[in-house]
Amino acid sequence: MNEFLQFFILFPFLGFIISLFLPEAKEKTISRIAFGTVFLQLIGISAFSIWWLFEGAPDLNLVELSVLKTAHYEFLLISILIEFPLFICLSEHY
0 MNEFLQFFIL FPFLGFIISL FLPEAKEKTI SRIAFGTVFL QLIGISAFSI WWLFEGAPDL
60 NLVELSVLKT AHYEFLLISI LIEFPLFICL SEHY
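Position 16 of the sequence shown, counting from 1, maps to 15 under numbering that gives the first Met the number 0, and the rest follow consecutively.
No lab work stands behind these hints: they were computed from the structure. One thing to keep in mind: the hints can contain errors.
Estimated spans, in silico, between C-beta atoms of each pair [stated by the list, open to error]:
no. : residue 1 : residue 2 : range
1   : F6        : T28       : 19 to 29 Å
2   : A70       : S30       : 13 to 23 Å
3   : K68       : A24       : 24 to 34 Å
4   : S45       : L21       : 22 to 32 Å
5   : G55       : A24       : 44 to 54 Å
6   : F6        : L52       : 12 to 22 Å
7   : F3        : F34       : 16 to 26 Å
8   : I8        : T69       : 43 to 53 Å
9   : Q5        : K68       : 34 to 44 Å
10  : A24       : Y72       : 50 to 60 Å
11  : Y72       : L4        : 14 to 24 Å
Virtual Cβ for every residue (Gly too), placed ideally from N, Cα, C.
Can you make the complete structure from the sequences, with help from the hints?
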């Protein structure tokens, strides 16, 4: 189940990469790609959430890189990439 989490990052990134190769004059096509990838993201996350809930909502954690590991705690790279930008976004708006 953890393996599917990576696809939710790839959908918008793939749409972004495709849009880079289109000329600026094709705004309608760029818009369709953007909305299409966001729609795929929505459908994918919705289906994944339902599946996750039916499986009993197990803990999901991708261990990409461990920055600090002690006997009682492991600080992962994913913690830095998610929690720090979230903190910055929340602190800038409040």
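Verification of the supplied hints:
1. F6 <-> T28: 19 to 29 Å: Given range 19 to 29 Å: holds, Cβ gap about 23 Å.
2. A70 <-> S30: 13 to 23 Å: Violated - the Cβ-Cβ distance for A70 and S30, about 52 Å, lies outside 13 to 23 Å.
3. K68 <-> A24: 24 to 34 Å: violated, 52 Å
4. S45 <-> L21: 22 to 32 Å: Check passed, 28 Å falls within 22 to 32 Å.
5. G55 <-> A24: 44 to 54 Å: holds, 50 Å
6. F6 <-> L52: 12 to 22 Å: holds, 18 Å
7. F3 <-> F34: 16 to 26 Å: holds, 22 Å
8. I8 <-> T69: 43 to 53 Å: At 28 Å between Cβs, range violated.
9. Q5 <-> K68: 34 to 44 Å: violated, 22 Å
10. A24 <-> Y72: 50 to 60 Å: holds, 53 Å
11. Y72 <-> L4: 14 to 24 Å: Given a distance of about 22 Å, which is inside 14 to 24 Å, the answer is holds.
In summary, the structure is inconsistent with hints 2, 3, 8, 9 from the numbered list given earlier, while agreeing with the others.
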